Structure formats: C-alpha cells, structure tokens
Amino acid sequence: MKNTLTKYLPLAPVLAGYLFLFLVGENLEGKWQLIAMLAFYCALGQAFNLFMGMTGYVDFGYVAFLGVGTYGMAIVISRLSDKGLGLWLLVIGLLLAIVMATLLSLAVGAVALRLRGAYFAIATIGVNEGFRYLIEGARLWGGSEGIIFTAQLNEAFGREFANVLATYWADVALFVIAAFSAFLTLFYMRSKIGYALTALREDEDAAKVMGINVTKFKIIAFITSASLAGMIGAVAWALKLTYVFPPDVFEIHYTVEAIIIVLLGGAGTLLGPIVGGLIYGLSKYYLAVTLPGFQLLIFAPIIIIIIVLFPEGTVGVLKKRVQGTFLAKIIV
Amino acid sequence: MPLLRLEHVTKRFGGLVAVDDVSLEVKHGEIIAIVGPNGAGKTTLFNVINGVFLSDGGKIYFEGKDITNLPSYKRAPLGIGRTFQIPRPFGSASVRENVAIGGMFGTQGHRMNVDACMEMADRYIDLIGLKGHSGKPAGGLTPTEKKLVEIARALAMKPKLLLMDEAMAGMNPRDIDQMVELIKQIRETEKIAIVSMVEHIMRAVAGLAERVMVMHQGAKLVDEPTKEALSDPRVIEVYLGRPPEGNVADR
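Order-wise, the sequence lines are chains S and U. Under this note's numbering, residues 1 to 332 are what the first sequence spells out, in order. Under this note's numbering, residues 1001 to 1251 are what the second sequence spells out, in order.
If you're looking for bench data, these hints aren't it; they were derived computationally from the structure. None of the values given here were measured: they were computed from a predicted structure. Even for Gly, the Cβ is constructed at its ideal location relative to N, Cα and C. Just so you know, not all the hints are guaranteed correct.
Distance condition first, Cα-Cα at most 25 angstroms in a straight line; then the derived SDA-like pairs of lysine to any residue [to be verified]:
#, chain 1, residue 1, chain 2, residue 2
1, U, Lys1074, S, Phe20
2, S, Lys31, S, Phe20
3, U, Lys1136, S, Glu204
4, U, Lys1131, S, Glu29
5, S, Lys216, U, Leu1024
6, S, Lys320, U, Arg1111
7, S, Lys7, U, Lys1136
8, U, Lys1158, U, Gly1132
9, S, Lys329, U, Lys1158
10, S, Lys216, S, Ala118
11, U, Lys1158, U, Gly1039
12, S, Lys192, U, Met1001
Computed list of chain S residues with no C-beta within reach of chain U, every gap over 12 angstroms [to be verified]:
#, residue
13, Glu26
14, Trp32
15, Arg116
16, Ser144
17, Gly146
18, Glu155
19, Leu200
20, Leu241
When you get a sec, could you build the whole thing from the sequences and use the hints?
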C-alpha cells in the first residue's frame, strides 16, 4: 500500500496544477476563456506525450485522431438527439469518438509503426491529409459541408444547458481528460509497458534482443494516445463549436502545437505537458493581446531559444537538477 | 540433446557470404570461444543465432526446437541472452532499470512483476560490482562499466545460453583478468552455457574456454579443445600469415 502511494506520488504536482488552474478560472472574473485554452493545450500535450514522449516517435498526423473524435461526437448528437437519451447522448458520443480514434490508430499503427524514425513521421503526414480528402471526396459524414448540430444539441438539452455545456462543462471535461492522461502516463511508466517503451526509445534493436516485442508496445502507446486525442476532439471541438468541418479539424497546425508543447515541457516526463502547455498557451495568449499581428514573429524565436537552452525540455532539465534529492520522487 | 545446434548455417549480404555453411553444437553449461580475425563473420553468426538477422540457409535448433525463422524478441524468452561488441545499454534509464528490464522480458519475465525484477537487478548489480552506480543513468558510465551493465542485463534474463560479443575488446590487462574471473563466476553460479566471441585477446581465451571454434572468411576453420586449437598450424596461419617458403636468409 505504502509502496503504491510512493509510486503514484508524482501525480500530486500534476493534479495540484490542474486544480489550481481550475480554481483560478472559477474565481477570477473574465479569465475562464484563457483557462479553457490552457486546459486544451495541457490535455493535448499530455495525450500526445504518452506516445511521442514515451516512444520517441513523432506522429505528424496526430490531429487526425482529434478530428475523427470530433466526428464521433457530431455523428451521435446529430443522429440520436431526438431519442430522449438525456446525458447518455454525450456518453455514447464520447464512446464513438474513442472507438473511431482507436480504429484509425490501429489501421495507421499496424502499417506505419513498422517504420522507424523519420520514415514513420513522413508516413503519418499523409494520413491526416488523406483522411480529410477521403471525407470530402467520398462525401462521408456530410463531405466538405461537414456536420452542423447546434439545433440538435439545443433540442436535446435545451438552449441554456447546451450553452453551459459548451462554455463550461466541456472545459471541465478537458481538465479531467488531462488528469486522466497523466494518470495513464504514470501507470505505464510504472509497469512493464513503460520499461519496454523506454528500452525501445533508446535502442530498438537492443530492446528486441532483450525479448521485447517492440511493435506491440508501440501500438499500445499509439492507441492509448489516439483514444485520448479522440476524447479531446469530442469535447473541445464538437461540444464547444457544435459543428465540424473537415478543414478545421484536420489542420496540421494543431499537431505542430502538440509537438512544441511536448518539447517545451520535456518529452517523456510526466510534468512536462502541463508546464509546456502553460508556457505555450500563456505566451500565445499574451503575445496576441500585447503585440497583435506580430505574435508569431516574437513567439518563434522564444520557442527556438527555449529548445536550444533546454533540449530536454524544462522539466527534463529540472529532473536532472533534483537527481538524488527527495524532489526526485515527485518530479518525474 | 545439445542446447544449441547450428546445421549448415549460411548468411549472405548480396554477393558477400558472411557466414558460410557453419555447423556448431553447444552443450548445456559449456564455455566456447569463437575466434577469428576482423571480418571473419563472428558477429554475423551471433546475429543469426539470436535472430537479429534470419539465416539464408541451414537450420538452428535451441533445445531441440527449430528457431531458424523466429524473430529475436521470441528467441530471448526461450533463453538466449546477448551482449554487444559496442555496449548498448538504455542510456536514459538507470543502471538498476537497465538490469531489471532484462528480467522483465527474459525467460522468467512472465512470472515476475516490476518490483521483483528490480530486486533481482540489485543482486546482479552486486555481482558486477557496480552497486554505487545503481541509480545513475547508464548513458553516463565508462565503456567498461557499460559492458558490465550489459552482462548484468543479459544475466537478469535468466538465459540458458549467453552470447558475449567481444566482452574484453579495448580493456586493459587488469580489467581483462577481472572480466575472466567474472565469467568464471557466472559459470559457477548461473550454470549457463557461454559462447564468447574474441578477436585478439588469446590470453583471455586460454583462461576461459573449454573449446575454441576458429572462423575464417565466414567458414568454420577449426573446432577443437582450446589447447589444440591454439597450436593448430591453420589457426596460426590465419593470424600471422603463411610462413615463407624455404629459408628467409636464402632469398
């Protein structure tokens, strides 16, 4: 029992961080929108880190999993809103989002995860674009017109609750997803899965010789990370926007943001995504407020400087600093 | 039944025959040295035995089971452990984690949880004498220490056969003696077969192996007890070249 507690102690600062953000949003007038954005970036980083950080593979098509997750929720709400399912509608929507993201990740992973390093990255760039054009070209799920389900959501829950759902509960759900992703990350780290992933990230051939079925463990991390992305899409995009258009959700920009957040925070660390998400979200927000139009010009060099100074990410550096002290048990 | 049996194993890379029709038997608990000059095909033979490469011809049996076409991650749990010529520990993981990873996916892996593997790791870290480095990342160790970590990691797999690729290359004489002692100790306590690959350090070979197989240009040249093998004229020829015809002074 005590052992389990020590093992999961590193969750404390992560959960405290999310709780702090949540309380700030609750109590500071007019800051909820910022907090909601931070929650999105933290959740995105936490989910992406579980794959990129733990395996060392970079998936440039990651946003596709958020995309199909958004579709999963949109399809359920637009088709089943008149069945009187109540809140079960959202549960079914979330489940379909997870299932769709999982299936896509299985299809992609079974092929692409046999490739290594840069070849994997190149293969995945195509997945995102390909899937978007498949939806548009094959007129799948409304084709390029997408799905607009504002009316159905209002019909199912009433205009008022639908509004609160989009502006409050969806964001709270993001915090929950972020915390859940962090828990899964730590759970993997403490189990054989995590050690197998560490081994294959460091040296895939040596890992195989040690008896590790590298493809299997890569796919486990990939599917977990993708299904979390599906949840994020279903909540942060479907419920908040109440519509889905292919060009909006299959936008590679979000993948790049996820990569930056993970690198800023420290790939493969538990605390990294929340730190990276905060650095990224806050600087993006305040640069857009203070220097509208110039934010990217300022932002890019800041990111470059941080990554040059801390190639292992902020938390990665911190982790090295505290090695051997009692803080090493908490900062993971 | 021999532990490992190779029957006419061949491995080609394009036109180059790296391993040429090699047959070999290893009994339980035996120590064998595979000797040969650079490029003789020793490392390739190791890679074929543990599945890094699949052979192009011949058969490989481990405890009677045909493993010729088994991928390497399925051979390890059967009991084939391996160290590399240039040590390849998992750099970011600590020494203890490195050794424990060996235990997790080795022959006993399915019945041991993470904590049990960590405890077992401590025993092997004691054996190799790196207790003080247990928590350090393996990437920061000296080359000799990295080799020791690899040996401990391979032992944690609880193998029946340990393949050691150039365990002593680049070491000073003192470290070599210690390594020889360590390998003897491993044989005593673990009761496993060891196939050790050696390029030059004959001194170590003599102190260790019961049998020597000499490879030359991919093929098996000699497979004899150590003493006979090292005085075999063919072996001397491979290493030193052909003695000149007639008297050198006459030419």
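Results for each hint:
A C-alpha spacing of about 47 angstroms is found between U/Lys1074 and S/Phe20, which places the hinted pair above 25 angstroms, so the restraint is violated. Our distance criterion of 25 angstroms between C-alpha atoms is met by S/Lys31 and S/Phe20, whose separation comes to about 13 angstroms. The straight-line distance between the Cα atoms of U/Lys1136 and S/Glu204 is roughly 21 angstroms, inside the 25 angstroms bound, and the hint therefore holds. Proposed proximity of U/Lys1131 and S/Glu29 is contradicted: the alpha carbons are some 56 angstroms apart, above 25 angstroms.
With a C-alpha separation of about 33 angstroms, the suggested pair S/Lys216 and U/Leu1024 falls outside the 25 angstroms cut-off, and the hint is violated. Distance hint between S/Lys320 and U/Arg1111 is unfulfilled; the C-alpha atoms sit about 33 angstroms from each other, more than 25 angstroms. For the hint linking S/Lys7 to U/Lys1136, the alpha-carbon distance of about 19 angstroms falls within 25 angstroms, and the restraint holds. A threshold of 25 angstroms between alpha carbons decides the hint, and for U/Lys1158 with U/Gly1132 the separation of about 23 angstroms falls inside it, so the pair holds.
For the hint linking S/Lys329 to U/Lys1158, the alpha-carbon distance of about 30 angstroms lies beyond 25 angstroms, and the restraint is violated. Taking the CA atoms of S/Lys216 and S/Ala118, the gap is near 19 angstroms; set against the 25 angstroms cutoff, the hint holds. Using a Cα cut-off of 25 angstroms, the hinted pair U/Lys1158 and U/Gly1039 is violated, with the two alpha carbons roughly 30 angstroms apart. For the suggested pair S/Lys192 and U/Met1001, the alpha carbons sit about 34 angstroms apart, so the restraint of at most 25 angstroms is broken.
At roughly 39 angstroms, the least C-beta separation between S/Glu26 and chain U is larger than 12 angstroms, which holds for a residue marked as non-interface. For S/Trp32, the shortest C-beta to C-beta distance to chain U comes to about 39 angstroms, beyond the 12 angstroms cut-off, and the non-interface label holds. S/Arg116, annotated as away from the interface, keeps every beta carbon of chain U farther than 12 angstroms; the closest lies near 15 angstroms. Against chain U, the non-interface label of S/Ser144 holds: every CB pair exceeds 12 angstroms, the least being about 44 angstroms.
No Cβ of chain U approaches the Cβ of S/Gly146 within 12 angstroms, the least distance being about 43 angstroms, so the stated non-interface status holds. With 12 angstroms as the threshold on Cβ separation, the claim that S/Glu155 sits away from chain U holds: the shortest Cβ distance comes to roughly 51 angstroms. Not every Cβ of chain U is farther than 12 angstroms from the Cβ of S/Leu200; the closest lies at roughly 9 angstroms, contradicting the non-interface assignment. Separation of S/Leu241 from chain U is adequate, the least Cβ-Cβ distance of about 40 angstroms exceeding the 12 angstroms criterion.
In the structure shown, a violation is registered for the earlier hints numbered 1, 4, 5, 6, 9, 11, 12, 19, in ascending order.
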